[in-house]
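Student: Sequence:
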Amino acid sequence: MRPELLKTQLRAIYRASAYGRISVMFPMIASLWEVKEAKRIAGEVREELNKEGVPMGQVALGIMIETPAAALISDVLAGEVDFFSIGTNDLTQYTVAVDRGNENVAYLYSVFHPAVIRIIREVIKNAKSAGIEAGMCGEAAANPCMIPLLLSFGLDVFSVSPSVVLETRKNIASWTLKEAGEVTSNVLEMCSEKEISNYLSDYIAEKQER
177 MRPELLKTQL RAIYRASAYG RISVMFPMIA SLWEVKEAKR IAGEVREELN
227 KEGVPMGQVA LGIMIETPAA ALISDVLAGE VDFFSIGTND LTQYTVAVDR
277 GNENVAYLYS VFHPAVIRII REVIKNAKSA GIEAGMCGEA AANPCMIPLL
327 LSFGLDVFSV SPSVVLETRK NIASWTLKEA GEVTSNVLEM CSEKEISNYL
377 SDYIAEKQER
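Residues in the sequence shown are numbered consecutively from 177, following this note's numbering.
Keep in mind that the hints were calculated from the coordinates and are not lab data.
Where hints are given, some of them may not hold.
Okay, derived cross-link-like pairs now, SDA-like style, lysine to any residue, Cα gap no bigger than 20 Å in a straight line [said to hold, decoys possible]: (1) 183 with 234; (2) 215 with 266; (3) 370 with 252; (4) 183 with 200; (5) 215 with 227; (6) 212 with 230; (7) 301 with 327; (8) 383 with 367; (9) 183 with 236; (10) 301 with 313; (11) 354 with 344; (12) 215 with 240; (13) 301 with 357; (14) 301 with 361; (15) 301 with 277; (16) 212 with 192; (17) 183 with 218; (18) 346 with 367; (19) 215 with 198; (20) 304 with 244.
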């Protein structure tokens, strides 16, 4: 962490908050200390600007859940922030210990690994228990095969690239919570990435033919 650089950035963000709603998301969190330190610095910045008479609005403070360490203590972290955003690209990479940019092992990288799915479920559950918003960014949020799982888990925000917004909305609208829950229950009984991905792909293909 580079406190002075962070303070400069936060000053600009808090100044901008006077003109509209703003949220700040701290990335690559791995410990409770990091969250508390970031919040402390944000508090200092806000106090300084108040003393200077600078107008400000409300700023929500959230964190990226993209390390297994953060995911495993997400119940604790949820009590410190206003929202989570699950960064599935890095979370998957670190959970399965695979560099997705390395062509020799990239085939092992999959968000459908049972461990990744269970981690995502746990993070969303902990956010819900704390009464905070759980969002997701990364490729998984727009993956049609992941959508029923994410809906069943209770994901609040799907952050996707502009080019797939309409398609993602259409995919979300095609599911009822009952159907998504049934599919998710089946997936959670499966033990391999291949079994899960094949099941979801086949189910969705059949669903589209109905």
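Student: Among all the numbered hints in the text so far, which are the ones the structure does not match?
Tutor: 2, 3, 6, 8, 15, 16 and 18
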